[in-house]
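> Using the hints provided, position chain B relative to the given structure of chain A.
So you can see what is in the structure, the chains are spelled out below.
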Amino acid sequence: MSDGFKTGNPFLDAWSSALVQGSEVMASKVGGGMDWTETMRAAEVNWKLCQRQAEDWMKAAGRQMTPAGGSDALDGIAEETLRRMLDPTQFLSAGTDEVNQAIQRLVEGPEFTDIGTLERQVLKATGEWMALRQASAAFKAITAAAWTRAFATFSQATMADHSLMTQGPRAVLDRWLKVANEELIRTQRTEAFLKAQRNLLTAGVDYRLKERALVELWCETHSIPTRTEVDDVHRTLHDLRSQIRDLKSRLAADEARPPPAAPRRKSATKKQA
Amino acid sequence: MPDQTYRPDQAWREALEFGAHLAHSAEALGRIRDEDVDVGATPKTEVMRVEKVTLSRYTPLEGVEVKTGPVLIVYGLVGRYTMADLQEDRSLVRNLLRRGVDLYVVEWGNPTRADQFLSMTDYIDWFLDDCVMRIRQDVGVDKVTLLGICEGGTFSTLYAARHAEKVQNLILTITPIDFHADMDDPDVAHGFLNVWTRNLENRDIERLIEAFGNLPGEIMASVFQMLTPVRNLTKYNIDLLDLAGDDKKLLNFLRMEKWLADRPHHPGAAARQWLIDLYKENRLVKGTFELGGEAVDLRRLTMPILNVYALQDHIIPPPCAKALGPLVGTEDYTELALPGGHVGVYVSSKSQGIVGDTVFDWLIERQ
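Protein chains in written order, with our numbering: chain A, 39 to 311; chain B, 183 to 549.
Same shape as in the complex, but just chain A:
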């Protein structure tokens, strides 16, 4: 029997190990109360099938490693979905950490080599950066506690319901997901969670504004228009467009209005009088 296969993907490697352990358990049963000979023979056949599947997967997954632009490069939503499907960190962060990750991505953005390197280094020594890291850690602590509570609830539930374990892994998994979902939804509505998430959001925004101030200082030094100046131009443009729109509306309303009646001509005699 093989030692299993290594895909380089922790999730699949764990699955492979579980298969090997499963086969060992089955092997240990041989000679016991049941005759596992047929099962083991089938297992050998299945194992070969399993290895073929792994090879197929590696072939398919390998395409996403193809350098961008290559003829086999994946694209769009299918690529993103494949990446998520094979990313074991999805199991660690999904469900609670999306806002945290979105804020981190938004405030940090892409870090291009050489551009503003010094400024970024300076920025990461500021109180705003520290506050953001602390807020992120505090938020993660709250969500981690929720997962722990969910597991405790799940453990109690499974101990109380012995029949669950006889229903197979999918039934156990479904029960676990139900328990976890209820606990996460409950946690999201707690004051501690909401406060931690608000702190995280404000810390992210503070950091971003600090970064902008620093970048604007650099821009001013080098006679480059700042974000604030560009925003001012956009505001002026918007105001001008609004005024044009109002003028056009008034003009159209005036044109649509029937012309006023001609004033009655006064009689010549009166005029003379």
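Simulated from the structure, these hints should not be mistaken for lab results. Possibly wrong hints are sitting among the right ones.
Heads up, simulated BS3-like pairs for lysine-lysine below, C-alpha to C-alpha not over 25 Å straight-line [to be verified]: (1) A/Lys-178 / B/Lys-417; (2) B/Lys-348 / A/Lys-286; (3) B/Lys-417 / A/Lys-216.
Selected chain A positions facing chain B (Cβ under 8 Å, derived; list incomplete) [as the list claims (entries may be wrong)]: (4) Leu-215; (5) Leu-222; (6) Leu-232; (7) Thr-240; (8) His-272.
Which stretches of chain A does chain B cover? Using the computed rule of at least three CB atoms under 8 Å from a CB of chain B, they are [stated by the list, open to error]: (9) 139-145; (10) 196-210; (11) 224-230; (12) 243-254.
Ideal Cβ positions, reconstructed from N, Cα and C, are used throughout, including at glycine.
Then chain B, alone, in the frame of chain A:
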């Protein structure tokens, strides 16, 4: 009594099935190209463009006679109208075209930081009014029916209250009106978006928009993901693997993923009104929400109204939508409660016929 013990060989078999599904899914995902995952594919023709906003008219289906006056689909700034036309067999757009509805759609485009000063007044009194005026002119009618979706339903409501003389009928789907009515919903899983927004101080929202110019689409996407925490945990493995071997279902899954991932930025000035004036301060039902310097009065909604909501809607809890009934000025007010969730109104197989038939039947009686 049969032996119900779960044997190791059964576990082995399940593990193998899991592997087979994983390999099939990976292979299928490797094969599918982005252009295969087409959303909003029903043919239409652009009839007007104002900056980033476009108005399009759907091409009538071959052999189908147009039986109604013009109906304009209005989606919000959070997300994309393609929810109503996700795929050929799950498309409100196609269902309505098939019955003979003359259908238009307004697309808001992709707002950038340059659009941060666009307010709800601009979207409603400017862009939406331009669309309605253009349709009136093209078709030669005085009034247009609005079909609003989610935030677009709120936009349609505001437009109809301010320009009642141009609106034939108002059809709302999954539309928030009372932004605090989530507190009346007994389902604890509903209304987290309302709770999340109320938890923020006005200053937090102001600074968020100041920092990014707009309300970033990424923030809205992440908050939406939090609404169904475990679904996000399972959809890329368990749910996706369950689809293995069924390319049609996999494409449906990817179309939904594409729609979910497409979160444009919400222009800053409009986002302030949406989050502070409406979500936090609930001004619309209090009669203190202002557009163009005037308070919006829902009693001016004197046209026929059809209000469609979803009973398991966790984004817009049913009480938030149903609140409209007692506030309007028309006697011709109809509600349709559908089983299912927010997106289910448009994409679930169950709701396909119900929504299309109900909207069409209701509409044809009010031409």
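> Each hint needs a verdict: does it hold in this structure or not?
Quick rundown of the hints versus the structure:
{"no.": "1", "hint": "A/Lys-178 / B/Lys-417", "verdict": "holds, 22 Å"}
{"no.": "2", "hint": "B/Lys-348 / A/Lys-286", "verdict": "holds, 19 Å"}
{"no.": "3", "hint": "B/Lys-417 / A/Lys-216", "verdict": "holds, 14 Å"}
{"no.": "4", "hint": "Leu-215", "verdict": "holds, 5 Å"}
{"no.": "5", "hint": "Leu-222", "verdict": "holds, 4 Å"}
{"no.": "6", "hint": "Leu-232", "verdict": "holds, 4 Å"}
{"no.": "7", "hint": "Thr-240", "verdict": "holds, 6 Å"}
{"no.": "8", "hint": "His-272", "verdict": "holds, 5 Å"}
{"no.": "9", "hint": "139-145", "verdict": "holds (count 5)"}
{"no.": "10", "hint": "196-210", "verdict": "holds (count 7)"}
{"no.": "11", "hint": "224-230", "verdict": "holds (count 3)"}
{"no.": "12", "hint": "243-254", "verdict": "holds (count 5)"}
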